[in-house]
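Just so you know, the sequences run in chain order A, B and C. Be aware that the first sequence starts at 1, since it is given in the numbering used here, and climbs by one per residue. Be aware that the second sequence starts at 1001, since it is given in the numbering used here, and climbs by one per residue. Be aware that the third sequence starts at 2001, since it is given in the numbering used here, and climbs by one per residue.
By construction, these hints were calculated from the structure, which means they are not laboratory data. Where a beta carbon is used, it is the ideal one built from N, C-alpha and C, also for glycine. Check before you lean on any hint, since a few could be wrong.
Stated by the list, open to error - If you want the footprint, here are the derived chain B segments under chain A, 3+ residues with CB under 8 Å:
no., segment
1, 1045-1058
2, 1124-1138
To be verified - Straight-line C-alpha distance at most 25 Å; calculated DSS-like pairs for lysine-lysine:
no., chain 1, residue 1, chain 2, residue 2
3, B, K1022, A, K270
4, B, K1016, A, K54
5, A, K311, A, K287
To be verified - Examples of chain C residues lying across from chain A (beta carbon under 10 Å, computed):
no., residue
6, R2020
7, G2065
8, M2068
9, N2096
10, M2104
11, N2106
12, L2242
13, A2303
14, L2305
15, E2306
16, D2307
17, Q2308
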Amino acid sequence: MAVQHSRSDASPAASVTAGEKIDSQLALRIYRLLVEIREAEQRAYDLFLQNLVKGTSHLSLGQEAVAAGCAAAMRPGDLSFCTYRGHAHTLARGVPVEKVLGELMGRDNGLMRGKGGSMHLTSVEHGVMGSYAIIGAHLPIACGAAWRAQYKGQGDVTACFFGDGTTNIGAFHEALNFAAVWKLPVVFVCENNLYMEYTPIADMTAVKDPAAGRASAYGLESIIVDGQDADAVYRAAKKAFDKARAGGGPSLIECLTYRYSGHSRADPAKYRPEGELERWKQRDPVKIYRVRLLDSGVAESVIAQIEADVKQKLDKATEACKAAGPPSDELIWTDVYADGGWAWRN
Amino acid sequence: MDVLMPQLGETVDEGKVLIWYKKVGDKVEPGENLFEIETEKVSMEVPSTVGGVLTEIRVDVDETAPVGAVVAVIAEEGAETATAPSAPQPVAAPGAGVGLKPDPQDAVGRASARQQPPVAPPTYVARKLEPFKEVFTPERNYGPAHVGDVQTTPYARRLASELGVNLSTVRGSGPDGRIVGKDIEAQRGKGTQPQATTRSSSGLEQIKALYEPGTYEEQPVDGMRRAIARRLTESKQTIPHFYLTIDLDVDALMAAREQRNSALPSPTTPKLSVNDMIIKAWAMALRAVPRANAVWAEDSILQLNRADIGVAIAVDGGLVTPVVRAADTKSVWDISRDVKDFAARARGKKLKAADLQGGASAISNLGMFGVREFSAIINPPQSTVLAVGAVQRRPIEKADGGVRFATLMTVTLSCDHRVVDGALGAELLAALRDIVQQPRLP
Amino acid sequence: MAELTYRDAVARGIAQEMSRDPDVVFLGEDVAKPGGAFKASVGLLEQFGPLRVRDTPISEQAILGAAMGAAMTGLKPIAEIMFSDFLAVCFDYFANEFSKSRYMTNGQVKCPLVVRTGNGAGSRFGAQHSQSVENWVMMIPGLKVVAPSSPADVVGLLAAAIRDPDPVVFFEHKSLYPTKGEVPDGEIVDKLGTAKILRPGKDATILALAYMVPRAVAAADKLKQEHGIDCEVIDVRSLVPLDTQTILGSLSRTHRMFTVEENPRLCGWGAELVSIAAEELFYDLDGPPIRITTPHIPLPSAANLEDQVLPTVDRIVATVHRSLNS
Chain A
1 MAVQHSRSDA
11 SPAASVTAGE
21 KIDSQLALRI
31 YRLLVEIREA
41 EQRAYDLFLQ
51 NLVKGTSHLS
61 LGQEAVAAGC
71 AAAMRPGDLS
81 FCTYRGHAHT
91 LARGVPVEKV
101 LGELMGRDNG
111 LMRGKGGSMH
121 LTSVEHGVMG
131 SYAIIGAHLP
141 IACGAAWRAQ
151 YKGQGDVTAC
161 FFGDGTTNIG
171 AFHEALNFAA
181 VWKLPVVFVC
191 ENNLYMEYTP
201 IADMTAVKDP
211 AAGRASAYGL
221 ESIIVDGQDA
231 DAVYRAAKKA
241 FDKARAGGGP
251 SLIECLTYRY
261 SGHSRADPAK
271 YRPEGELERW
281 KQRDPVKIYR
291 VRLLDSGVAE
301 SVIAQIEADV
311 KQKLDKATEA
321 CKAAGPPSDE
331 LIWTDVYADG
341 GWAWRN
Chain B
1001 MDVLMPQLGE
1011 TVDEGKVLIW
1021 YKKVGDKVEP
1031 GENLFEIETE
1041 KVSMEVPSTV
1051 GGVLTEIRVD
1061 VDETAPVGAV
1071 VAVIAEEGAE
1081 TATAPSAPQP
1091 VAAPGAGVGL
1101 KPDPQDAVGR
1111 ASARQQPPVA
1121 PPTYVARKLE
1131 PFKEVFTPER
1141 NYGPAHVGDV
1151 QTTPYARRLA
1161 SELGVNLSTV
1171 RGSGPDGRIV
1181 GKDIEAQRGK
1191 GTQPQATTRS
1201 SSGLEQIKAL
1211 YEPGTYEEQP
1221 VDGMRRAIAR
1231 RLTESKQTIP
1241 HFYLTIDLDV
1251 DALMAAREQR
1261 NSALPSPTTP
1271 KLSVNDMIIK
1281 AWAMALRAVP
1291 RANAVWAEDS
1301 ILQLNRADIG
1311 VAIAVDGGLV
1321 TPVVRAADTK
1331 SVWDISRDVK
1341 DFAARARGKK
1351 LKAADLQGGA
1361 SAISNLGMFG
1371 VREFSAIINP
1381 PQSTVLAVGA
1391 VQRRPIEKAD
1401 GGVRFATLMT
1411 VTLSCDHRVV
1421 DGALGAELLA
1431 ALRDIVQQPR
1441 LP
Chain C
2001 MAELTYRDAV
2011 ARGIAQEMSR
2021 DPDVVFLGED
2031 VAKPGGAFKA
2041 SVGLLEQFGP
2051 LRVRDTPISE
2061 QAILGAAMGA
2071 AMTGLKPIAE
2081 IMFSDFLAVC
2091 FDYFANEFSK
2101 SRYMTNGQVK
2111 CPLVVRTGNG
2121 AGSRFGAQHS
2131 QSVENWVMMI
2141 PGLKVVAPSS
2151 PADVVGLLAA
2161 AIRDPDPVVF
2171 FEHKSLYPTK
2181 GEVPDGEIVD
2191 KLGTAKILRP
2201 GKDATILALA
2211 YMVPRAVAAA
2221 DKLKQEHGID
2231 CEVIDVRSLV
2241 PLDTQTILGS
2251 LSRTHRMFTV
2261 EENPRLCGWG
2271 AELVSIAAEE
2281 LFYDLDGPPI
2291 RITTPHIPLP
2301 SAANLEDQVL
2311 PTVDRIVATV
2321 HRSLNS
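Same shape as in the complex, but just chain A (with noise of 0.2 Å):
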């Protein structure tokens, strides 16, 4: 199912095998999470541009099927564990968007109060438990969450999505032999877009794929997908889950796909090849998707229908975000410990 994957190529050929049918109401479900991402982070970079998002932010512009395909093949219980890169994946499992925008904005509305920012969007009611910023860390936290579902034996897997700089640091071995040895279930899905910050990962790594590359020294399977179509990730990661559900240990799956924007805001990405990023905008999951609804038979009515309804509810949030007030001073002080509060001292 491995794929060829250059630098140079921005289409790679989809790898969609025979897998899970993939029905209509799916399939609707999987378009509206990538418009929501799509949308929102287009509108998350206007508010940026508006000086309304303050700090940093990275986006996940054009790379909205990894985490459309993945939250579409979890269950309510399943775990998310995100990366700084974290918007998509915690959208995708459906944390209101107002909550994640006003958090970007540094809201009183926002999902953390503006206590921790864009890199670190955490929704525990959702599963979503936490964007980590330091590449690596999550990968053991996200074995430790596996570990306690394979402890308890609570049915649950956990889904850690990392980028393709992660692959040379040493959590990621670390973790993913510690997966492997304790058998957790626990779903790895790297987003390779690349590059790392600002250099290509090619250049940097000694293997080919970055992550599918290590699969077999941690005793796994080398899967590679074309991270651009959302139902070849959908079908990948499906599969992964119901091994990790049944107990059949830990996946490793290596998403191609593209970053549209910069690694974050202040990066205007120049060091891409001309025509690079025009050829993987050919290859656009929102569109990709689109056309394929439209050839199955979906009304482009009905598509249209999604669109106008994800693009009205953004609206109605930015508005409630620019309109909610900042937080109160008192969270300066509140849960540095458990008690709620700060005191180090008596």
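Given chain A, put chains B and C in place with the hints provided.
Same frame as chain A, but now just chains B and C:
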């Protein structure tokens, strides 16, 4: 809508426009590039977030604008008018803006903890922790660690203050003669009587080394001298002094004094002095400007409701400053009697501690020695002292440009700036001048 | 009441808590079948089985990450980092992860976990296996830091740490493992954030931690016998939360402050205590606060060299005596 200079990075606070892709009047689509900017870190194209017509460019090519500044205005399609120009949104510098400033000194008193019996010094009293007060700082300070060549530990300084022990009377038993807590405890109950000290003193030796042996005679310093040295050093070091000088025309005052002395109540009644008259006038001035009749008390200012006036009296080996009570309500005759009583008792060393306390101001008069003007050091905790010079006939310019002679007295007011500001001090002196120049002294 | 070694007290404390709460699990390198590199967890595998007492690869990041992931989803893990020097290879979890997740998520994420680790010198292990590193974690908001000095405190404070809803770093001193002490029978649960006055006195306060506590007590005895100086000795026990009431209360009676610290001089825990006392209790100080520490050097391995650099009973006695009597 306003197009703003975006923040091109977490630590960047301005950007330079490199290119405008659109000119005023051009139609703009959402997502279409509007302009390109550059900072020291990166350059980047900035697309429009709305569709409409570019109506205004406020930052031209090669110009630099702060993050958040309006660089252009787009009239949105469907919008009735272009948005009004708005001020640039201030962008907080990293770390600023949440008010993480150290708070002023905690106002919660620790006095209760400090007023326990001194034999068993107070144990630590825990307080409720507050934000920005994770560690408490002392409510007040207890004098300097070094006075002359003598060092005193912080604990000993506090204890001395609480027990009313005069540090100049204490002999230090710590390293290098340092005064430590047990030295103060040993003094407890002995009162504050001055006592000669033979404290070992490296400072003394150092200074003596500067003079040829035999060219001086060493005089031991007694308690009064030591107290004067300590108190006035402390005053000059801790009280922010400033000085105001004016000339008083005392012709009328001298005439009033003459008139009274020529009609003494009885042949044995002592004559009124100029100083008696000034004390009365000064007390009335302080009552007329009550805000200046006040003392600094660390967390508060105590505004006194009567005018007690300290009077500096020279005695053998030093000076004392007893306080005339309620001089504002006393007659000049009563004041005169009080001062003469103080002077007699001071010479006989019979003044009581209570005689030396109180008041917000004092008078020091060196006029009888022919001193024309001088400035005095405030006697803490008082907030002012009036230095009174000699009465002299001096030429002054008349209103018509001619010259006449007047009876003048120069006075200098030393003020504690924590209580008495310049204008308040000037107001107080103006009140004195009004009273002196139209004396209706009872 | 039984006499127990500090080493056995560790296993007893863990067993006490694992018996009462099935959510308590234990992981680390060589902790299960081998019973721990210092034999502090012997018998736990047999008592609680391989699902609850688990050996791990030599992967300190995986150990702490797994502990954190388990803690935030409902378990109460105890993770062992064999030597505290190894905190450096997994420091991210202390500095950035379980210390901050509660705050960053506005209280959504909870991390009730304990990291146990072998701390300190005296075993001739050299510069990379002998350090006292409690100050490495004391400086991080969100963590609690404990270092017991006696077998009874090991059991009670370990139980309190396991039951505590915050992440606790539990420093066991390697040189104290063979020491013995009376431990009461039955369940023991102590209280974090409490210092203990081990020996009352009126002339000076000596503050010590872990391996330095018995030395401070011995020095106080000697100071009394040989010089008539009556020292109060406080076992600080808990660096975070810090029992400033007990510590400052003692200083306000004795007015003299000495710390005995095994760590190298700069930024040791005593520096923070001195800073607090200087600020809050300045007018109770009747002499300079004095820190007795290991010099600011890496630890040498040879016995005679290592013995010289750690604060000794004689160095404590000489320092206190000189400072109070010169």
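Just pull the numbers of the violated hints for me, sorted ascending.
6, 13, 14, 15, 16, 17
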